[in-house]
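Protein chains in written order, with the working numbering: chain C, 1 to 354; chain F, 1 to 354; chain P, 1 to 326; chain S, 1 to 326.
Some hints could be false.
Covered by chain F, per the in silico footprint, the following chain C stretches (three or more residues, Cβ under 8 Å) [what the hints assert, rightly or not]:
id, segment
1, 6–12
2, 173–181
3, 195–204
4, 210–216
Hint data in this document are derived by calculation from the structure and do not stem from the laboratory. Glycine included, every Cβ here is placed at the ideal spot set by N, Cα and C.
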Amino acid sequence: MPTHIAHFDIDCCACLDATGQAIGPLPEFARDGGTLRALYGAMVRARAFDTKAIALQRTGRLGTYASCLGQEAVGVGVASAMEASDVLLPSFREHAAQLWRGVTPLELLLYWGGDERGSDFAGPRGDFPVCIPVGTQFPHAAGVALAISLSREPAVAVAVGGDGSTSKGDFYEAMNVVGLWRLPAVFVINNNQWAISVRRREQTAARTLAQKAIAAGIHGEQADGNDVIAVCDAVSRALARARGGEGGSLIECLSYRLGDHTTADDASRYREDEEVRKHWKEEPLTRLRAHLVAAHDWTKAEEEALLRGAATEMDGAAETYLATDAELPAAMFDHLHNTLPAALQAQRAEVDNA
Amino acid sequence: MPTHIAHFDIDCCACLDATGQAIGPLPEFARDGGTLRALYGAMVRARAFDTKAIALQRTGRLGTYASCLGQEAVGVGVASAMEASDVLLPSFREHAAQLWRGVTPLELLLYWGGDERGSDFAGPRGDFPVCIPVGTQFPHAAGVALAISLSREPAVAVAVGGDGSTSKGDFYEAMNVVGLWRLPAVFVINNNQWAISVRRREQTAARTLAQKAIAAGIHGEQADGNDVIAVCDAVSRALARARGGEGGSLIECLSYRLGDHTTADDASRYREDEEVRKHWKEEPLTRLRAHLVAAHDWTKAEEEALLRGAATEMDGAAETYLATDAELPAAMFDHLHNTLPAALQAQRAEVDNA
Amino acid sequence: MPELTLVEAVRAALGRAMEEDPSVIVFGEDVGIDGGVFRATDGLVQRYGFDRVRDTPLSEALIAGMAVGAAARGLRPVAEIQFMGFLYPAIDQLVNHASRLRTRTRGRLTCPMVLRAPYGGGIHAPEHHSESTEAMLAHIPGLRVVVPSSPARAYGLLLAAIRDPDPVVFLEPKRIYRALREPVADNGAALPLDTAFVLSEGADVTLVTWGAMVTEAMSAAAGLAEAGIGVEVIDLATLKPLDADTVLGSVRKTGRCVIVHEAALTAGLGGEVAALVAEHALTSLLAPVKRIAGYDTVMPLPRLEAHYLPTEARIGRAIEEAMAFA
Amino acid sequence: MPELTLVEAVRAALGRAMEEDPSVIVFGEDVGIDGGVFRATDGLVQRYGFDRVRDTPLSEALIAGMAVGAAARGLRPVAEIQFMGFLYPAIDQLVNHASRLRTRTRGRLTCPMVLRAPYGGGIHAPEHHSESTEAMLAHIPGLRVVVPSSPARAYGLLLAAIRDPDPVVFLEPKRIYRALREPVADNGAALPLDTAFVLSEGADVTLVTWGAMVTEAMSAAAGLAEAGIGVEVIDLATLKPLDADTVLGSVRKTGRCVIVHEAALTAGLGGEVAALVAEHALTSLLAPVKRIAGYDTVMPLPRLEAHYLPTEARIGRAIEEAMAFA
Ligand SMILES: Cc1ncc(C[n+]2csc(CCOP(=O)(O)OP(=O)(O)O)c2C)c(N)n1
Ligand SMILES: Cc1ncc(C[n+]2csc(CCOP(=O)(O)OP(=O)(O)O)c2C)c(N)n1
Ligand SMILES: [Mg+2]
Ligand SMILES: [Mg+2]
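I would like the entire structure built from these sequences, with the hints used as guidance.
This is the structure in C-alpha cells:
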C-alpha cells in the first residue's frame, strides 16, 4: 500500500496590489524612494524604447521586433537585483533587463535592425546576446555557472525565458544539472501567459511553472510579474542563495503580454481585446506610479521630465541607428573564426569584389 | 512577501518486505496463489533467459547484452499489469516485460545477436522494439497514446526507461504533453541506482524520481521495484486511471542493477562488491519465493520443475538461434522503404552480387 | 481553376488530405487557431476540430518523436516545425527512429509521417529564421526530403508525401510562399516523388537547383536565352532519393552543369549532384562543373543577407564561364 | 618513445592539455571514475579532481550547451558524447550557438570548445553504436570537424583542437582505437589543423579518405603497389575546413581520384571532394571520379555489418577500374 514519503510547497511573492497599495510590509529596499524612482524610471525608459522600436518597424526601418509591453517589471526587477559582475542570458523579449544592464538603445536597434554589431555590447561584456531558439539559453547558463563556480567568483548566471520555454527539454536538462551541482544560476520565467498563440494553460498541465523546479530538486517560487518590487525581491533572495552556495532557483514571474507576439504577429486572430483590456488594469508602470505618488510624493513635474528624457534618448538613438551604415559585406567572414581559414579566403575575396 | 499557493505529495507503494512478509493487507490480486505462482514463474523465466544470454555472449555467440539481473520484478510487474491490447515501449533492459508480453526468447536472442528479424515480434505486433537511444521512447509513447485516444480504444501506452533516462529532455517534453492532453500513457522508471558508472544521486538532486511528475502535472508515485506485487499494484492503478480518462502517471520503481551495465562493462571499476552483496539480500525472486512458501505452500518439487522447465526452454531457444542463418546481405535494403526507390536498386544489386 | 500562392497550395493539400483520410492529423506550434505563423494551416482546426489539428507545447524533439509514435500506431501525422532553424532538436528522432523503424522491425512497424518546415532566406527574417540545411537531412538513409518550388508542385508533392507509406521531410521555401500565383486544381492529384522536373529545355547548359533558387535560375535562363544560350533548368524537387537519371541525361546532352543552392557550399547537396556528374557523365563534360551556393559562413542578419544568397547575376556569370570554357 | 594505441594517444593528449592549461576541463557521461566507456579519460579524475573531470547527467543537449556557456566564460571544455549515435540532440547547440557565437557577437564572446565522440562501425556494436554522419557536421559554417586516423595524429590533432580558439568536433574512429600501436612522443607538439596528410605517394591514383577507412586504403594501396599501380593515399584529417589544395594538387598529378568513406554515399563528404575535383581539376582527369562508401541504407546490425562497410577489395576494384578506363 502507498505510504507518504515526500512533500513540496510552492510560494508566491507579491508586494504591491494593482492599485499600488502595499499588501504587507515591503522589503527593505522598497522603502527607499530613491530606489523606487530608479525602478520606475527604468520601466518608463524600457517602454519608451519599445514605443520607438515599434514605430521604426511600422515604417519599415527596423526588422521584426518582439515588444516587452507590459513586462517591464520582469526585466527591470531581474536586472536591478543583479550585480554588474553577474551574467545575464536573456530571451528575445528582455530589452528592459538589457537596458538596465547597460546595453544601449542604439545596440538594441542595430540588432533588431539586422546588424550583428548590435550584440557587441560596449557595456556588459560578459552578458549573452539575445537568444532566439527558445530555451537554448538555459544550458548556456549552466555552463557559465559552472565556469563561475570553478573560478570561485561570487557571480551568478541569470537566464530568462518565457512560459513556452518551460516545455523545452533544454530547460529541464539545464535545471537538473544546476540542482545536481549546486551551480550559481537563477532561471527566471517571464510567464506572459502566451507563447505566440498558445495559452499558458495549453503549454502544460502543471498548476504553476514554478513547481517544475521540484523535478530538479531546486527552489521554485512564483512572483507577481506586474510588481517590480516582488520580482526584485524574489530574484534578490534567489541570487543571495546562489552566492551563498545554496544552489539555484526557478522564479516564475506572472506577467501579461499586452502587445502582439512580435510585429509580424496579429494577436487579434487568437485572443479577445477584452482579455487584453482587463490586463491593462494590472500593468506594472501605473501600479508603481500610484505607489510613488501615495508613498513618496512623486510629482507631475518629475513624471513629465522622466517621460521627456526617455523620449529624447530614444529619438537620439534612433537617429544614430538610421545614420549608421551597414558593415561591408565581407564582414560576414571576419568573425567566423579567430583567423579566417585559408579555404575561405577565396570566398571572402569574391564577396569583397562583388 | 511569499504566501503559500500549492503543495504536492509523493507516496511509495510496498507490499512485501525483503523476507517475503506482507507489510500490510495485500492487494486483491496478490492474495491468489495462482497469480503469485505465475508472477514468480515469469521472474524465474526471465532470469533463466538472462543467464543463457550472458553465457552465449561470454562464449562469443551473442553481441553486447544488457542483463536484467535483479530487476525481474519491474519487468514482470509492469507487463502483468497490462492488457494484451496495451502497447509496451521498452528500454534495452526490460526483457522480463517483453517475455511476459509474448516476445519469444528466440526473437530476443536474434536481436541481441545482431539480426533485425528479432524485432519482428510474432506475438505483440503493436509493441515497440528495444529502444537504445536513452529516453527517446517517451515521445513515441505520447504519440501512440495520442493515436489511441483519437481512436477511443481502451488501450494504454506504457514506456519504460531507466533512472538515467529521467535526465533526458525527451522524458520531460513527453511527460508534459501526456499531462497536458490527458493521454493514456504510463511512464515507468526502472531506477536500478546506476546509469553505467553514474549513481542515481549523481543524476539529479531530486529526492525522488517520482516527483518529476509534478513538473508535468501528472500523478507520480514510487514503488518497491524488488517487490513484483508492489510494482504490479502501482502500475495497475496507473493503467486504470489512464483507461478511465484520468490521464497519465509516472511510476518510479526502486530496484538494483545486480550485474554489470552490459557485457561490455566492468562494474568493479566503479562500485564495491560489498554494495552489490547487500542488495542481493533484497532481490525480488527470493522474496516472492519466501512468501509463496509461507503463504501458498510452494513446494520444492514445484520449484525444481519450474527451474528445469525454464532452463530447457532457454536451451531450446539458444539452439534454434545458433542454427539460424543470417539474412542474405541484400536484406539490408528490403525494408528501408515500402518499395525500394529506383535510385537504390543498383546499390542493392551490388550487394546481392558481391 | 483557382490561382494559388505556394502557401495556399500547401493549405489546400493539407485540407484535401484531411478530407480524404481521417487518419491524417496535423500538429505543431501555433497550427490551430492561429493557422500557423505563415497561415499554412489556416482554417483546418475550424474544419477538422481540435482532435485532429493540435497546438503542441513548445517542444520540437517531442513533435518529431510523437509523430513517430502516432505513425507507428496507424495515424498519418503531418507535423510542422515552425522554422527550419528550430528543426535541429528533431533530427535525433529522424535519424534514430523515423527513418529506420520499418527496417529495424523488418516491416512490422512503419512510419508514414510528414515533417513540414518553412526554410530558406531572403525575407529579412530575424536571426536563425533563414536556415537552409537540407543536405543534413538528405544524408539520412530511409528518409525522403522533398522541396517544392511552385504552387502546383507544392500541392502535388505534399499530397504525395502525406500518402507515402514512409517518412518524408517537406521543406517549404518561405521566400516564395507568396511570390507567385498559378492555377492549381484542388483535385487530389499527386505528383510523383523521387522525380526531378525539367522546367525549361536547353541544349547548352544544365542548371540544377531546387526551392526558392528555381526562381533565380529561371530568370537567369530567360536572360541568357536572349543571348542565344539554351539553359535546361532542372528542379530536383525530391532531394533524397535523388533523380540522378534526369540530371545525368541532361548533362550528357548539354555537356555543361551548373548547380545552384542557397545553403552553404561545403557539404551542401550541390556536392552530391556534382559528384554524380563526375562519376557518371565525365566524358560528356565540355566544361568544369560549377556550384553557385551560399558562402561557408553564418547566414548574416538582414542588412547583409542579400550579399550571402546566390543571385541571378552570379548564376548568369557561372553559365557564361561554362560557355566560354575551352 | 612509448608505443600507444589511438585511444591511449587521445588520453595522453587530454592529460597534456589539462596539465598545461588549468582552463581545460573534461565532462561527459562516465568520463570520471569509469574513465569513459572506451577508457579515453581513464585516470584524469584521479589526477585533476572532480572539479575538472565531471560525470554529467544523461543529457547530450545539455553537454553541448553547457560547453558553449563554459567556453564563452573562459574555460576550454572538452566534452564527450559517448557514441556518435547519441550526438544528434547536441546538433542544435552546434549549429545555432557554438559555431556562431563569435560571429553573432562580432568577436565579443567566443567558443573554444571541443566535442569528442567515438564514431564509425566495424566493432559489432549494438544498434545506433556504429554511426558515421560526419558530413552533417561538416556542413555547419564556423565549426571545425577533425578525424584522426593514427595514434600520432590523434595526439597532435586533439591538442591542436583543444588549443584552437574556436569550436571543434573531434570524431574518433573507434574501430581502430586499439587496432595499431605507434611511437607517440607526449611532448605537447600539436599537428596543424586544416591540413590533409599524404600518407603514401603515388603517380597513378589519388585515394582520398579519413578515419578507420585509412587502414583499408593503405592496405589496398600496398596490394596495388605490387601490381605496379602507384596510389597516393590522402588522409583528409580535418574534414572542415577541407584542404582542397592538397587533394587537387594530387589529382592534377595522378589524373585519377577515388574517395572512400564508411558513411552513407548520398550527401556524404565524398560528394564534396568529388565536386571540388569536378570544379577545379576536371581537365586533369583521365578517368571518372569514383566514391566507395557505405550504402544508402540503415547501417545493419552486426550480422550484416561487414557487407555494409567498404572493404579493401571494393577499394581495389575501384582503383583498377579507374586504371582500366580509357
Ligand atoms: C526552439 C524554438 N521553436 C520555435 C520558435 C519560434 N518561436 C519564437 S517565440 C515563440 C513563442 C515563445 O513563447 P514564450 O517562451 O512564452 O516567450 P514569449 O514569446 O511569450 O516571450 C516561438 C514558438 C523558436 N524561436 N525557437
Ligand atoms: C541518448 C543516449 N546517450 C547515451 C547512451 C549510452 N548509454 C547506454 S545505457 C546508458 C545508461 C542508461 O542508464 P539508465 O537510464 O539508468 O538505464 P540502465 O542502463 O540503468 O537500465 C548510457 C549512457 C545511450 N544509449 N543513449
Ligand atoms: Mg510567453
Ligand atoms: Mg539505471
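Verification of the hints:
1. 6–12: holds (count 7)
2. 173–181: holds (count 4)
3. 195–204: Coverage by chain F holds for the segment 195–204 of chain C (3 residues, Cβ < 8 Å).
4. 210–216: holds (count 5)
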